[in-house]
Structure formats: structure tokens, C-alpha cells
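Novice: Residues per chain are reported as follows:
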Amino acid sequence: MNGNGDFLALLPPSPFARLSAADGAPPALQATTVFAFHCAEGVLIAGDHRATSGNLVFSDKTEKILELDSHSLMAIAGVPATAFEMARTLQTTFEFYRRSQLQPMSLAAKVRALSRLLHDNLPATLQGVGTVAPIFAGLELADPNARPVIYFYDPLGATFEATAHAASGSGSTSIKSVLHYLENWGHPRPQEMSLEQATNLANRLLMTAAEFDTATGGVRPEKGLFATIKLLTREGIRTLPPEEHETYWDQAKS
Amino acid sequence: MTEEPYRWLEAISNRREYVREQLKGGTPVFALSRPEGILLLGVGQGQQSKVFEIYDRHAFAALGHPVDIEKLRQSAIEAAHLEGFNRSPADVTLRRLISFALSTSLKNAFEQIYAPPIMAEALFAELGETPAQDVLVRLHYDGNHHYETSGVLLAFGHPQREEEAAAWIRQTVKPDDTLPRTASVCLAAWTALMGEKPFAGLPAPVEPLLQIEGRTVEAALLDRKLTGRVHYRRLDLAALPR
Numbered sequence: 000m001n002g003n004g005d006f007l008a009l010l011p012p013s014p015f016a017r018l019s020a021a022d023g024a025p026p027a028l029q030a031t032t033v034f035a036f037h038c039a040e041g042v043l044i045a046g047d048h049r050a051t052s053g054n055l056v057f058s059d060k061t062e063k064i065l066e067l068d069s070h071s072l073m074a075i076a077g078v079p080a081t082a083f084e085m086a087r088t089l090q091t092t093f094e095f096y097r098r099s100q101l102q103p104m105s106l107a108a109k110v111r112a113l114s115r116l117l118h119d120n121l122p123a124t125l126q127g128v129g130t131v132a133p134i135f136a137g138l139e140l141a142d143p144n145a146r147p148v149i150y151f152y153d154p155l156g157a158t159f160e161a162t163a164h165a166a167s168g169s170g171s172t173s174i175k176s177v178l179h180y181l182e183n184w185g186h187p188r189p190q191e192m193s194l195e196q197a198t199n200l201a202n203r204l205l206m207t208a209a210e211f212d213t214a215t216g217g218v219r220p221e222k223g224l225f226a227t228i229k230l231l232t233r234e235g236i237r238t239l240p241p242e243e244h245e246t247y248w249d250q251a252k253s
Numbered sequence: 000m001t002e003e004p005y006r007w008l009e010a011i012s013n014r015r016e017y018v019r020e021q022l023k024g025g026t027p028v029f030a031l032s033r034p035e036g037i038l039l040l041g042v043g044q045g046q047q048s049k050v051f052e053i054y055d056r057h058a059f060a061a062l063g064h065p066v067d068i069e070k071l072r073q074s075a076i077e078a079a080h081l082e083g084f085n086r087s088p089a090d091v092t093l094r095r096l097i098s099f100a101l102s103t104s105l106k107n108a109f110e111q112i113y114a115p116p117i118m119a120e121a122l123f124a125e126l127g128e129t130p131a132q133d134v135l136v137r138l139h140y141d142g143n144h145h146y147e148t149s150g151v152l153l154a155f156g157h158p159q160r161e162e163e164a165a166a167w168i169r170q171t172v173k174p175d176d177t178l179p180r181t182a183s184v185c186l187a188a189w190t191a192l193m194g195e196k197p198f199a200g201l202p203a204p205v206e207p208l209l210q211i212e213g214r215t216v217e218a219a220l221l222d223r224k225l226t227g228r229v230h231y232r233r234l235d236l237a238a239l240p241r
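Residue numbers (numbering that gives the first Met the number 0), protein chains in the order written: chain A, 0 to 253; chain B, 0 to 241.
Bear in mind the hints are in silico, worked out from the structure with no lab data behind them. Note that CB positions come from ideal geometry on N, CA and C, so glycine has one too. Hints may contain errors.
[To be verified] Pairwise CB distance ranges (calculated):
1) B:P115 x A:P240: 52 to 60 Å
2) B:F99 x A:F57: 32 to 40 Å
3) B:Q44 x A:G2: 18 to 26 Å
4) A:E245 x B:K173: 43 to 51 Å
5) A:G2 x B:E9: 32 to 40 Å
[To be verified] A few chain A residues that don't get close to chain B, going by computed Cβ distances all over 12 Å:
6) P79
7) R87
8) Q100
9) V148
10) N199
11) R233
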């Protein structure tokens, strides 16, 4: 018993750290597209559903936006085995801290906790077998005026705060371009968009990414298949149900 | 001293007396299995808490030395989270927590007469799908424990008074009572226990009794209706419909 709320200290050393680094293997990003941007109601975070293995589609029903606690989300891009394990570790870490210390973990500490996991994963990243580049969205609960914040990470654990948007995964380049364009010349700009507009934008962005990236997919509105979209606000996290996607999508058409 | 069996028995018996004496000043805590969930109630002073969340569907309340309550709480939280992480949240059950993580170490702490005992009387609650599936456990300072099936459980330093209070609450709380109403019956029992009044002929409170002068009433609910992973929430009894 250590009593200081550090769940990781209870676990045996990470198995990832025991891998030795291979020479010359560059960190390679794996297939996926996830992104987050500020809209009028809060932070919208979205992802496609495709998981690939080389040129094969492994699954078209993967959930990549994971809720870590009542006010933090992680969008995973990279090797799923490592990414899901990181999310699970963080979920337990945050809850363990909150319950044992009788206060929620600060946002800065949450952001740092993910950075530490990425750093511990360095050997696997260098070998090219466990690269993860996630996006994190959270809110500082202790500050009554705080607004949701987006962070993105490089595979080595460096943390960056995104002022407007962040995207990760193999399809992220097209999305970054579109979001950058809208940010500067859009009417409305993404941060002024209502939830309806932002949801339609997110679905269209993923369809755009899928057009140029074979490893992004699973979003096909004509078949009732939409992106995973979650909205983070002061009140908490809300997952948009398929019917809501459909309503917004149909309204935009008419 | 411990080479002689008789001296060991005497030491244990002295220790029991000492722990009981220390626990006498403690104020009782309550857990009641209700249709809405499991209601937990404690009466503390100032910021000091007596009711705590352990895991997704688990809560704990205790009286005794604050340091020992904290030790029990931390051990339970650690064991639950490790188990939930290594296996799954569904594998975290009260029966397992009590048997592998808590009762053994309490018994050891109590019987190793050169080490300090853990001076706390505790109760644990696990939320089920229905009140019949709820699990309530009363855990004593020496590791002894029992599973309560009546849906009403309290922890107090005096075993006989504890039983009397539980019996009175069982017959006074009605199946369709609201949470504030249920809580006020518990607080009436609390007042009787602390004032050393008899339970025979004690009337149920007519007006809801939700506060105790100079003390902080702490209420929490393991809420059956909450759909997320976490079911524990603090209750503001005064704000609930009576």
C-alpha cells in the first residue's frame, strides 16, 4: 500500500519496456483517422471504424474514441493492442486516483500520465511494432470556468495543446488541410459551428479521408454507418447515437 | 511471553478489551438496501468522512481510528482496482475482496500481539441488479465478518446495541419509504444509540430528521439507475423529494 494514489506503482514493470530497440526502424504510423476540433458547444472528437493489417481490412467496426473518465477522452491512432492497453491503464489510473485521494486528478496530471505511457513504450515504438499517436481531450474540473482542451502527442510522448484542432492517423493529412482551410476562410469556422453543422462536417471529413487513404473507412451514411462522434462539455461526455447523425445528415441534404 | 499458550490467550483477551474500549466513542454507520440502490449513511464532524467509494459498485463505511479507517479503505481500493484491471470489473466482488484482501490481514493484525491492531468497525456494500442481489458485509476489527441478508446493516462499537438498533430499523422502515424518510429512521436510531436510549417503544420520527446539531450528516447512494460504470454518488438528502 503506498497511499499516494499512483496506480502504476502497483503494477509490475511494463512488458513493453523489456523489448530492445532495433536499429534504423523509423516510427511508422498505422492506419486510422481520428481528429478533434472545438465547436460552439464544446470539443467534438471523432474517428472512423476501420482497423487494418497491412493491406487487409481487419475490422470495419472498431471503436477508436475511448472514454477514460467522466470528462476525458482518448482517440487512438496506431497499433491497437498497445493503444487499447494504454486507454485501459489510464481509465484505472484516473479512477484509482480519484477514489483513493478523494479528489479528481488534475487535467495536467492526466495529460502527463498519457505522455508517460508513451514514453515507456519507446522501445516498441522504435522497433515499429507498437507505435501510438493519440489525441486526448479533457477538462479541468477544479476550475469552474475551464473549457474543454485538446492535446495531441507524438509517438515518443511529447505533448502539444491544439488551439483549434488536432488529427492523427494515416488519413489525418487530408483532414488537417480541410480543417486548416475552414479555420481561416470558412463561414462559419468550425469553432462557431452548431452541433448539427459540426457533426456533418466530421462525417464528411472522414469520407474525404477515406477517399485518399485505404486504411480509413467504415463511414457510409447511405447505409446508415456514421463515424463515432463524442462531444465533451462541462456536463460530461455524450456519444451521438446513429439516429441523431441520420437526422443531421438528412437535414443538410434538404 | 507468547511461548506460553495461556499468556497468549490472556494477551489476546486484553487486546480485545482494549480495542473495544477504544471503539466506544465511535458513531454508528448504516447501509440499507433499497429499491433505488444501497443507501449509506454516516454522521461525521467537519470535513472528516465516514462513507467512501471503493469501486464501480462498491462502497464502505466505518468507525474507529481515522488512520485505521484509511488503511482499510486504501487496501480495499487497491485490491479492487488491481483485480478490475488484471481481470475485469465484473470479477471484483465483495466476497472475494473480503476473503483475500481484508479479513486475513485484519485477523493477522489483531493476533500479532506485538504489532498494533487495526481499530475500526466497518461495513461494505456491493450493488446488485435487484435489492435481493445486493451484498452487505459487516467486518470486525479482528477479521471476523458476516453477510447480512435482511438488507439493513449498521456498524457500532457495542455489539448488543448494534443488534437492537438494526432490529428497530428493520421494523420501522417501510418498503415504500423514500430515501430521506429511510435516512431519518437511521438518524433517529443514531440519536438513540448516542444518547443511550432504549429502542423498546421508540417512535418513528414524524417530521423528517435529516440533520444533527453540530455534526455533518453524510449520505451516499450506490445508484441502481446510473448506467455508466460508476454507481456511487453523494446524496443531498434535503434536496430529495420526501
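Novice: A separate judgement is required for each hint: does it hold in the structure or not?
Specialist: Cross-check of the supplied hints:
1. B:P115 x A:P240: 52 to 60 Å: holds, 55 Å
2. B:F99 x A:F57: 32 to 40 Å: holds, 38 Å
3. B:Q44 x A:G2: 18 to 26 Å: Taking Cβ atoms as reference, Q44 (chain B) and G2 (chain A) lie about 23 Å apart, which means the hint holds.
4. A:E245 x B:K173: 43 to 51 Å: 47 Å Cβ-Cβ, so the 43 to 51 Å window holds.
5. A:G2 x B:E9: 32 to 40 Å: This hint holds: roughly 34 Å between Cβ atoms.
6. P79: holds, 18 Å
7. R87: Per Cβ check, R87 (chain A) is inside 12 Å of chain B; nearest 7 Å; violated.
8. Q100: violated, 10 Å
9. V148: holds, 22 Å
10. N199: holds, 28 Å
11. R233: Given a closest Cβ separation of 17 Å, the condition holds.
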